[in-house]
Structure formats: structure tokens, C-alpha cells
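Trainee: Using the supplied hints, reconstruct the complex from the two chains, each of which is provided in its own coordinate frame.
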Amino acid sequence: MSEHIVQPRVYIAIFLVLMAGTGLTVVAAFRDFPGPLNAVVALTIAVVKATFVVLYFMHVRYSPRLIWLVIAAALFWMALLFALTISDYSTRGWLPVN
Amino acid sequence: MPEELTTTHEAATHPALQHHFENMEQQREAGTLGMWVFLVTEMMFFGGMFLAYTLYRYKYPEAFAAASNHLSIYLGGINTVVLIFSSFTMAMAVFFTQVGKRRNSIVCLLLTIVLGATFLGIKAVEYKDKYRDSLIPGQLIPGRPFNPEVAKPGETDEHKLHLPPGATVKNVELFFWIYFAMTGMHALHMIIGIGLLTTMTIMAWRGRFGPEYYSPIEVSGLYWHFVDIVWIFLFPLLYLLGRHLESRLG
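Taken in order, these protein sequences are the chains called A and B.
All the letters of the first sequence, read from the start, carry residue numbers 1 to 98 under my numbering.
All the letters of the second sequence, read from the start, carry residue numbers 1001 to 1250 under my numbering.
Next up, chain B with everything else stripped away, as it sits in the complex (with noise of 0.2 Å):
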């Protein structure tokens, strides 16, 4: 290789440099860029979903609002103040570590994976009650298919499906399915986000980030923020969208 093309870099490098950049914000923009890109194929991916719940609750509105409201709005809304929070504490973790102060950064990261964890926790107990109220779609639980009991006109237990005119069970478990599907693809992409996030932790006790190199955090940062996006639609749409008929469907 000629001498002129050889390292513009002078005195020390940084030891996290890989040879093909320039220089670590140029390595810091490609890894952003990367990731980003990486998000979009993820907003392919829930895009289809939430275009298979749009298409659907537009076909059986009365069967989907009854189903949403059967789900906790306590626990979907303490989820979604949870996993605000843990967008703001990953945020806090990029700053610190930007500013240098290791010790405060991995708090904060620990802070993040402590409040996904209680995410996850409160998804499994929603997931048991429906398991509970035989709301499971399909053969998904061998020997326990769906087949919820429909209240009658009067009843107010809450374990029991409210069935306004127009709304069938079949219909209600097409809403369960892409409930499942849909949750259950986002704690997935949670789980994974603290694998993530545990293997950063570590790394940053290690010392490996500083004002100069803190890309992978800044790059977790991004996945576990779009994550909460993710959840920031879904809850409005699964929790919230019969609430303004609650009184009238029963």
C-alpha cells in the first residue's frame, strides 16, 4: 500500500478503531447508520402486524372492542410508565457515559434492565390470567383451546367475555391471536433487549467506554427505545380502543 495512503491517524489511536475508518466518529456515524437501518427492517416487521390489526379491527369492531376491554388497563398502563421510564433511564446511560462517569452509567444501565425485567414480570402475569380465563387462541395450550365463558346479559363477572350484538367469540379470538402475536413478539424483542443491555453492562465495568468510544451503548440505546415505540402504538391500540364504549357494550 503506498505511503500516502497509509493512517492519517497520528500519535495514539483509539484501541477500539477498526482500520477501515478514519476516525471514531466517522466509526461512530457508520454504527449509527447501521443500526438505524436495522430499525427499519424491524418497522417492517411490526409494520405488517399492525397492518393485519388495522385491516381486522376494521372488520369486526364489535368483537375487538370487547376483547380490549377485557384486558387490565392498569397493567397495560403501569407497562407503558415502566417502559417510558426505562427509555429515559437508557438515555441517562449515553449521557453519562459521554460525560465519562462510568459508575452513574452503569447504574443507569442496570436501572433500564431491572425496569424491563418488571415489564416482562407484569406481561407474564397478564399472560396467566389469560391463561386462567381460557383465552389462549388455537391449540397454543395443548388440551386447553380457546373457549372463554361468554357472560350473560347482567352478569358483571370480570372473568367472563362481555359479547356486545355483532361480536362472535371467533371474532374475539382473532383479536387474541394478533394480541399474542403482537406482545408476544415485542417481549421477545424485550428479552433479547436485555441480553443486550446485560452484555453492555459488562463490558462498561470492564471500562471499554468512554467520551471517545461509547457507539455500542448509543447503538443499544436506539434498538431499546424503538422497542418502547413499539409498545407506545401498541398499547392504545390492544388496551384502549373500546374503553369509550365500556359502559354501553357492558
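With the rest of the complex left out, here is chain A (with noise of 0.2 Å):
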């Protein structure tokens, strides 16, 4: 990691948004939204806020390539892990098996 050293100022504002993030999802889970929106839009507020996290608090944008590596690697295998589970149990009974 090169010796970048982020200025609290740049903590500061990722604060503020996380907090405003925060709001808006607390905001928004009242509200109805049509089919699974809810949970769409909710985890793309806890998506943004972890990316903030990620970025600022933990440096990963000052950060060596091969630390985004082993993030991207991280999010890949967690990729594989819901998707072949997910389309696992939502295809159960397409097929005519005893």
C-alpha cells in the first residue's frame, strides 16, 4: 500500500453519507414498492454503504491491485455460492423425478 494517508476530512464525508444511507434504507423499507423491490432497493443501499466501507475506510482505494484481487475473488466465489444454491432450490419440481 503506498503511504497515502487519507485526511479525516474524506472519514468525515464516507460518515455522512453512510448515515444518510442509513436513513434511506430505513426510509424506504416503509414504503411499498411493487413486487421485490423492497429487497432490490434495499440491498442496494447495503451495497453502496459496504462499498464506501470498502473503498475509503479500509483503503482498498489506495490499496495495491492485488488486494482488489483478493476482494474480486472473494465476490466471485460468493457469486458461484448463491447463484448455483438459488438455481438449485428454485428449479426443484420442473422435472417429473420421484
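These aren't lab readings, by the way, just hints derived from the structure by calculation.
None of these values were measured; they are calculated from a predicted model.
Mixed in with the good hints, there may be bad ones.
[To be verified] To be clear about the criterion: a stretch of chain A counts as covered by chain B if any three or more of its residues have a C-beta under 8 Å from a C-beta of chain B, and this derived list gives those stretches: (1) 14–24; (2) 53–65; (3) 77–88.
[Said to hold, decoys possible] Some but not every residue of chain A turned toward chain B, in silico, with C-beta under 10 Å: (4) Val6; (5) Pro8; (6) Val10; (7) Ala28; (8) Phe30; (9) Asn38; (10) Leu43; (11) Val47; (12) Pro96.
[Said to hold, decoys possible] Some chain B residues well away from chain A (every beta-carbon gap over 10 Å; in silico): (13) Leu1017; (14) Gln1018; (15) Phe1095; (16) Glu1126; (17) Lys1152; (18) Thr1156; (19) Leu1161; (20) His1186; (21) His1189; (22) Gly1195; (23) Ile1202; (24) Leu1222; (25) Ile1232; (26) Arg1243.
Positions of the beta carbon are idealized from the N, C-alpha and C atoms, including for glycine.
Mentor: So, in C-alpha cells, the structure goes:
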């Protein structure tokens, strides 16, 4: 990691963004969106908040690409975990097997 | 060992520099990489539980919404603010160490610990409420099995479970298995984090860290931020999922 020292004003700004995101997610939770959109909105806000924490609080934005690669690998693994498991469960009963 | 392979450091090497690293920066990068690889295993760990939540939530949506609405959004929300603020103080602790302000960094570390303990205290209150309402699943508490009072239509008692059509008590219990497994594991990680930060505070007090050597504080911060991120996902998934249906569910 380069000797890049993140300034407190950046941390303060990110903290305020995270607070806004928290408020937003609570307000959005009480509004009825069509279909599965409530979950989509909630998860989108959560992913954005987590991204800010990872990039700035955890300094990943200023980190070597190797760290980015490690994180990408973890996310790829999770994507496989969810995609394969959900596609299994959601297609149960599609074919006539005993 | 041939002469040309001996040290490239001239003059004074930092006392914390290990022999197998060229310089402090390389040592710090290696430490950061190591912590990130560990956090990947943590993502796998919590990822499995998030997957279980996902599957059962979509299998039993009414029960999960009803159970979720039974949690205190105030306590969950306050905990979210507390934890995010603790991530801020943690980041500031790293900053102050990087610029050599030992006293400020110790204050920030202590603040982070206090905020973490506050989170755990509020969690304890929530767990106590679940105990009182007999919502602790299975036989985890011997002699006090999962046995919540179900509200009859029209009753507004907060301590009773409001079950909409399609929700069964068994599936509500499943929600609470997942709730206690995930928040319990998360709380365990908080406790470990507080222990880690206490150690860091003591070492900082003894003057071990500074602009050349702050890697332990940095990687402790990575751990703490990760635990925060887990909660950033836990809060909407556990506490907020059924709120938009609250008026309809009763």
C-alpha cells in the first residue's frame, strides 16, 4: 500500500454518506414498492454503503491491485455460491423425478 | 550467506522490521494482504449464513416478515449508527497513528472500544427481550423452549406474535434460528474485535506505534470494518424486510 494518508475530512464525508444511507434504507423499508423491489432497494443501499466502507475506511481505493484481486475473488466465490444454490432450489419440481 | 545477500538496510532499521522483509513498507503490505485473505474466509463464513437466510426467506416470506417486524427497529437502528460511528473512530485511530499523534490515536481506539461495547449492550437488551417473549429457538434455553404467545386478530400487544395468513410458528422459529445464529456470530466477532483493540490500545500506550509502524492498527481496523459491513447487511435483512407490510400484517 502506498504511503497515502487519507485525510479526516474524507472519513467525515464518508461517515455522513453512511448515515444518509442508513436513514434512506429505513425510510424506504416502510414504503411499499411493487414486487420484489423492496428487497432490491434495501440490498442496493447496503451494497453502496459497504462499498464506501471498503474503498475509504479500509483504504482499498489506495491499495495495491493485489488487494483488489483478493476482494474480487471473494465476491466471485460468493456469486457462485448464491447463483448455483438458488438455481438449484428454485428449479426443484420442474422435472418429473420421483 | 554470501555478503551480497545480506541486509540492504543501512543505518538504523526499525525495531519492528522482521528479518524476512526488505523494508517496513513491504512488511506492511504483506500484513495487509494477510488480513484481507483472512477476511475472505470470514466472507465465506458469513456468506453461508446469508445464503441460508436467503433460501428460507423466499420459502416462507410471510413468517419471515412477521418475525422481522417483531424485532425492535429502534434498537437495531441505534446499533447501526453506533457501529458505523465506531468504524469512523477506528479510521481516525489509524490516521492519528500514521501522523504520529499517539494520544489522539489512543482516544480514538478507546472510543471505538466503548462504541463496540455499547453495541453489545444493546444487543444484550434485545436478547433479553427475546428471552422474555420465549422467542429463543429450540431448546437453547433448557426449560424455556420456543413458545411465543400468538396475538389474536385485533390484539395490539407488542409482546405477542402477529401471524398473518400463511405464517406458521414453526417458520417464525426458523427466522429466529437464523437471527440468533447470525447476530450471535456477529456479536462474537465484536467481542474478539474489542479484545484485539484493547491489545492495540495497550501497545499504543506503550509507544509501540508511529508513522513507520502502524500496520497492527491498520489490520485491526480492517477486521473492525469488516464486522461493520456484516452488520450493514444484517440490519436491513433481519430488521427491515417486512416493514412495508406492517399495516397489512397487523
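Trainee: A separate judgement is required for each hint: does it hold in the structure or not?
Mentor: Comparing the hints with the structure gives:
1. Residues of the segment 14–24 of chain A lying with their CB closer than 8 Å to a CB of chain B number 5, which satisfies the three-residue condition for coverage.
2. With 8 residues bearing a CB less than 8 Å from a CB of chain B, the segment 53–65 of chain A meets the requirement of three and the coverage assertion stands.
3. Chain B is given as covering the segment 77–88 of chain A, and this holds because 6 residues of the stretch bring a CB closer than 8 Å to a CB of that chain, at least three being needed.
4. Hint status for Val6 of chain A relative to chain B: holds, with the closest Cβ pair at about 7 Å, below 10 Å.
5. Hint on Pro8 of chain A holds. Least Cβ distance to chain B is approximately 6 Å, under the 10 Å limit.
6. The closest approach between the C-beta of Val10 of chain A and any C-beta of chain B is roughly 9 Å, which is under the 10 Å cut-off, so the hint is satisfied.
7. For Ala28 of chain A, the suggested interface contact is upheld, since its CB lies about 8 Å from the closest CB of chain B, less than 10 Å.
8. Here the hint on Phe30 of chain A is kept, as its CB sits about 5 Å from the closest CB of chain B, short of 10 Å.
9. Evaluation of the Asn38 of chain A hint against chain B yields a held restraint, the C-beta minimum of about 5 Å falling below 10 Å.
10. The beta carbon of Leu43 of chain A is positioned within 10 Å of a beta carbon in chain B (closest approach about 7 Å), and the interface hint is therefore held.
11. Using the Cβ-Cβ criterion of 10 Å, the hint placing Val47 of chain A at the interface with chain B is satisfied: the shortest such distance is roughly 9 Å.
12. With its C-beta approaching chain B no nearer than about 21 Å, Pro96 of chain A sits outside the 10 Å limit, and its interface hint is violated.
13. Even its closest Cβ contact with chain A, about 16 Å, leaves Leu1017 of chain B beyond 10 Å, as expected for a residue assigned away from the interface.
14. Every Cβ of chain A is farther than 10 Å from the Cβ of Gln1018 of chain B; the closest lies at roughly 17 Å, confirming the non-interface assignment.
15. With a least CB separation of 6 Å from chain A, Phe1095 of chain B falls inside the 10 Å interface cut-off, contrary to its annotation.
16. Distance to chain A confirms Glu1126 of chain B as a non-interface residue, since its nearest Cβ pair spans about 17 Å, more than 10 Å.
17. Listed as a non-interface residue, Lys1152 of chain B keeps its Cβ farther than 10 Å from every Cβ of chain A; the least gap is roughly 25 Å.
18. Residue-level check passed: Thr1156 of chain B sits 18 Å from the nearest beta carbon of chain A, beyond 10 Å.
19. Residue-level check passed: Leu1161 of chain B sits 20 Å from the nearest beta carbon of chain A, beyond 10 Å.
20. No Cβ of chain A comes within 10 Å of the Cβ of His1186 of chain B; the nearest lies about 14 Å off, and the non-interface call holds.
21. His1189 of chain B, annotated as away from the interface, keeps every beta carbon of chain A farther than 10 Å; the closest lies near 15 Å.
22. Residue placement check: Gly1195 of chain B keeps its beta carbon more than 10 Å from all beta carbons of chain A (closest about 20 Å).
23. No Cβ of chain A approaches the Cβ of Ile1202 of chain B within 10 Å, the least distance being about 23 Å, so the stated non-interface status holds.
24. The beta carbon of Leu1222 of chain B is not kept farther than 10 Å from every beta carbon of chain A, the shortest such distance being approximately 6 Å.
25. A beta-carbon of chain A comes within 10 Å of the beta-carbon of Ile1232 of chain B; the shortest separation is about 5 Å.
26. With 10 Å as the threshold on Cβ separation, the claim that Arg1243 of chain B sits away from chain A is violated: the shortest Cβ distance comes to roughly 4 Å.
Hints 12, 15, 24, 25, 26 from the list above are not met by this structure, while the remaining hints are.
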